[in-house]
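All chains should be modelled from the sequences, with the hints used to inform the complete structure.
The lines below spell out each chain.
There are 2 protein chains.
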Amino acid sequence: MQKILLPTAALSFLLLAGTALAAPPLATGAPSADAGIAALRDAALKDDVAMDIIEGLTTEVGPRPAATAKEADARVWAVAKLKALGFSNVRIETYMMPAWVRGEEEATIVAPFPQKLAIAALGNSGSTGKKPLEAEVVYFPTIGDLQAVPDGSLKGKIAFVSNQMAATQDGSSYGVYGMARFVGPNIAAKKGAAAILIKSVGTDHHRVPHTGVTRFEDGVAPIPAAALSVPDAEQLERVFKRGKPVTIKLVVTPRFNGKQESGNVIAEVPGSDPSAGIIMVTGHLDSWDLGTGAIDDAAGVAIVSAAAKRIMDAGTPRRTIRVVLAGAEEVGSFGGNAYYEAHKNELHVLTSESDFGADRIWRVDFAFPETGKPVAERIATALAPLGIGKGEHPAAGGADNALFVKTGIATIDLQQDGTRYFDLHHTADDTLDKVDPQQLRQNVAAWTTMLGIVANAPESLIAK
Amino acid sequence: MQKILLPTAALSFLLLAGTALAAPPLATGAPSADAGIAALRDAALKDDVAMDIIEGLTTEVGPRPAATAKEADARVWAVAKLKALGFSNVRIETYMMPAWVRGEEEATIVAPFPQKLAIAALGNSGSTGKKPLEAEVVYFPTIGDLQAVPDGSLKGKIAFVSNQMAATQDGSSYGVYGMARFVGPNIAAKKGAAAILIKSVGTDHHRVPHTGVTRFEDGVAPIPAAALSVPDAEQLERVFKRGKPVTIKLVVTPRFNGKQESGNVIAEVPGSDPSAGIIMVTGHLDSWDLGTGAIDDAAGVAIVSAAAKRIMDAGTPRRTIRVVLAGAEEVGSFGGNAYYEAHKNELHVLTSESDFGADRIWRVDFAFPETGKPVAERIATALAPLGIGKGEHPAAGGADNALFVKTGIATIDLQQDGTRYFDLHHTADDTLDKVDPQQLRQNVAAWTTMLGIVANAPESLIAK
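Order-wise, the sequence lines are chains G and Z.
Note that our numbering has the first sequence beginning at -1, numbered continuously upward.
Note that our numbering has the second sequence beginning at -1, numbered continuously upward.
Hints in this document: simulated from the structure, not taken from any laboratory.
Fair warning: there could be bad hints in the mix.
Remember, identical chains collapse to one label, so a pair may be satisfied in a single copy or spanning two.
Computed cross-link-like contacts, DMTMM-like style, restricted to lysine to aspartate or glutamate with a CA-CA straight-line distance of at most 25 Å [stated by the list, open to error]:
hint, residue 1, residue 2
1, LYS247, GLU132
2, LYS239, GLU134
3, LYS44, GLU390
4, LYS128, GLU102
5, LYS114, ASP50
6, LYS242, ASP431
7, LYS68, GLU232
8, LYS247, GLU102
9, LYS462, GLU103
10, LYS44, ASP415
11, LYS247, GLU91
12, LYS114, GLU102
13, LYS68, GLU134
14, LYS114, GLU259
15, LYS242, ASP46
16, LYS257, ASP431
17, LYS404, GLU375
18, LYS189, ASP143
19, LYS371, ASP71
As the structure is a prediction and not an experimental result, all values here were calculated from the model.
Take a look at the structure:
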């Protein structure tokens, strides 16, 4: 997922996105795209490189959670692939980070209607220990209802927080309904709960719970925290409607595994003019453990790599394109942050991230200095034939380039259609078969178009 | 699932269904339906009883596998519900049967690309024991490929049998592709395999494996047999395409639990003319253990009960309607067979089963004696406004009335649309949210129409 998911950021994103509508695809009288760019764009609509990358990474590595041996396998795999594609300066940059590892997980309604429920522990969840926790459950229809009860009132109980998330094209419903996951466990812990179950932050109706990271404040001991699949949460709501006390037996045994190695994979298309700066494009190599991370984020890895290769194959660009395949995004952007710390003194002039699946791009947003505005206009013009409209709000970047975005460098968001993203996000169902090859190609075409323009633009992309 | 699923029956069903096309909804010049029947039919389009039954059974009992305490809970639940609805002679009839109980199940690719696969043991599967079985896997694209290898050639290996099932409205693809499950394990065992994995007999793309019963011939020791979810099977096929040896570690620990009690729940709408015989309508109370059995077959239970209640509420019918909610259908029609043995000497004149989900009825098939042909015509006429066409082939009945159908009594199949049935069939995803209330009501309306006509028809329904 592209957006920075800390609650405040999520909320401000929501406020911005609430009024955002796609602009008409082509302003009246706008010039058509440069013929060379148009040719690159249209050729990319037949791209097979991106699908090959997704297929390879999800098949030959599969799930690759942060700071595990599988994530290390992904780095080795990516280095070999990027070298084979012809990139320069392909390398791994490692860092250490705290690792969290899933254990057993089982939830059973004990009373009034005994039956199992499908759950997945949230990242950073505490453990029940091997001995099941059996406790009364208190139902909160929304995170606001949980927030409203007095401190200490949940002592020894399991909180169940539901939500009514609906799909949105721009993904903004994640910011609203995701709060149950982002902050629900911390709130429940502070109110004394023994554990928390949330309705998955998802828009599907399958028995595949949505995991994802949660965070406990310093000084708040992590409690067991897990997501019920959407059908299971609905079932539990129906059980509550009967008005009888509800007891659940819970086993959730993840563990914190100390500091482990993670890393970024970096590759370059060297530019002819070092003084023109670096264009950093990024997606993340790690995935959650439940699926094979096809849409999150093998797709992003594939899209940025395939597009950069197309520019490379078209001849040396003016600016260096640096592909940063970040590690450990899912659990707190450790890779993106490590990259920033290591490279912040190099001249980065533009950044863009792909981390919202593989469905088609429908909108482009810019955060450009005045000097770069003509470049943005040329990009919007060249993207219009792909069905992409120019947005009305500034680009916000994503988790893996957040620190660079914060410095004020030029940022582009090629916004993907999120309508079905949260059917799959962080579930076992995030697998290769969910990638639509035609929509994936449209992504590659849009990225190729954008990179072809920004990598060669004569204008400065730096604020004066 | 409605059809008798022994391989030979499945194949003959396929041959029949292959050429079946829906007849035009209303033959030219056909009389319109009796006004009383039309009124019953149209009122049933607002039915809420069926949804209430599905909601109650799936929520308050949930999964209810054959010959378990949960199936017993379902009988108690059904008796209370049918009494509350006003049925007469509501009772449980028990029988003993062999019970099979799921254990742990876990499959992991050990080489060449380590990762977990989602599996579910098939009913009657053998056990690996607690110690994992680690063995080389041999890939068979189809059941025919497995059949073709020499006896003994799979010694110590795990067979993996795939299939390419596609959705069909009439469900006929189940007969073809289901063979991997129906007979694959028995064939693999006879060829010396240590275990078998099959691609789920399903048409979805979710990480929810499709269980279902398999059978081993007398004298063939059950081997561990499990279904991979469709995405997992596709993943394994991609792994095989790399051309390297594939090793899987498998734990499947179901057990045979001796003879346990199961039972049928029976309820009646007593008729005014005992000599006119009994109309037996049936669905099954048991479900697989993975889901809550909403479409398989709480829906059938609900549809036949709701329709029978509507006839009851309209006044005493001529013929007795007997609702038989069978136990233990999933594992071999033990309930339907026990009912037949106990009641075969009573005068049953017509039978019909609902066991193919809750989606709309699109075709009606009859197997009627000559004397009953005018009744069949009246039914077809009255069903036409519901979008139901008369089929060209004889009704075949289902698993729970198979022995009665075999005696030659009048049979009606109200064929449901199976296009999405095998997305859900025998998976954890068979839950309440999959039931479309409007399509469910159309089912109740069709059943009410049919029962209203056959229960009161002055014609004989018995072959002279």
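Consistency of the hints with the structure:
1. For a Cα distance limit of 25 Å, the shortest separation of LYS247 from GLU132 inside one copy, 4 Å, qualifies, whereas the shortest one across copies, 33 Å, does not.
2. Taking the shortest alpha-carbon separations for LYS239 and GLU134, only the intra-copy value of 15 Å comes in at or below 25 Å, while the best inter-copy value is 50 Å.
3. With identical chains, the CA atoms of LYS44 and GLU390 are never at most 25 Å apart, being 30 Å at best within one copy and 47 Å at best between copies.
4. For the homomeric pair LYS128 and GLU102, the shortest alpha-carbon distances inside one copy (9 Å) and between copies (17 Å) are both at most 25 Å.
5. Taking the shortest Cα distances, LYS114 and ASP50 sit within 25 Å of each other only across copies (22 Å), while inside one copy they are farther apart (39 Å).
6. Taking identical chains as interchangeable, the C-alpha atoms of LYS242 and ASP431 lie at most 25 Å apart only when they sit on different chains, with a minimum of 22 Å there against 42 Å within one chain.
7. For the identical chains of this complex, LYS68 and GLU232 are inter-copy neighbours only, at 21 Å across copies versus 34 Å inside a copy, given an alpha-carbon limit of 25 Å.
8. Proximity of LYS247 to GLU102 under the C-alpha cut-off of 25 Å is found in both arrangements, the shortest distances being 13 Å within a copy and 18 Å between copies.
9. Proximity of LYS462 and GLU103 under a CA criterion of 25 Å is satisfied in neither setting, with 55 Å inside one chain copy and 63 Å between copies.
10. When the C-alpha separation of LYS44 and ASP415 is checked against a cutoff of 25 Å, the pair qualifies only within one copy, where the shortest distance is 20 Å, while the shortest distance between copies is 38 Å.
11. For a Cα distance limit of 25 Å, the shortest separation of LYS247 from GLU91 qualifies neither inside one copy, at 43 Å, nor across copies, at 34 Å.
12. With identical chains, the CA atoms of LYS114 and GLU102 are at most 25 Å apart both within one copy (14 Å) and between copies (14 Å).
13. Taking the closest pair of Cα atoms, LYS68 and GLU134 come within 25 Å of each other only across two copies (22 Å); inside a single copy the shortest separation is 38 Å, beyond that limit.
14. Within a single copy, LYS114 and GLU259 get their C-alpha atoms only as close as 36 Å, which misses the 25 Å cut-off; across copies the closest is 22 Å, which meets it.
15. Only between protomers do LYS242 and ASP46 lie at most 25 Å apart by alpha-carbon distance; the minimum there is 24 Å, versus 56 Å within a single protomer.
16. Proximity of LYS257 to ASP431 under the C-alpha cut-off of 25 Å is found in neither arrangement, the shortest distances being 34 Å within a copy and 43 Å between copies.
17. Taking CA atoms no more than 25 Å apart as the test, LYS404 paired with GLU375 passes inside one copy only; the shortest distance there is 23 Å, against 75 Å between copies.
18. Taking identical chains as interchangeable, the C-alpha atoms of LYS189 and ASP143 lie at most 25 Å apart only when both belong to the same chain, with a minimum of 12 Å there against 60 Å between chains.
19. Within a single copy, LYS371 and ASP71 get their C-alpha atoms no closer than 41 Å, and across copies no closer than 69 Å, so neither meets the 25 Å cut-off.
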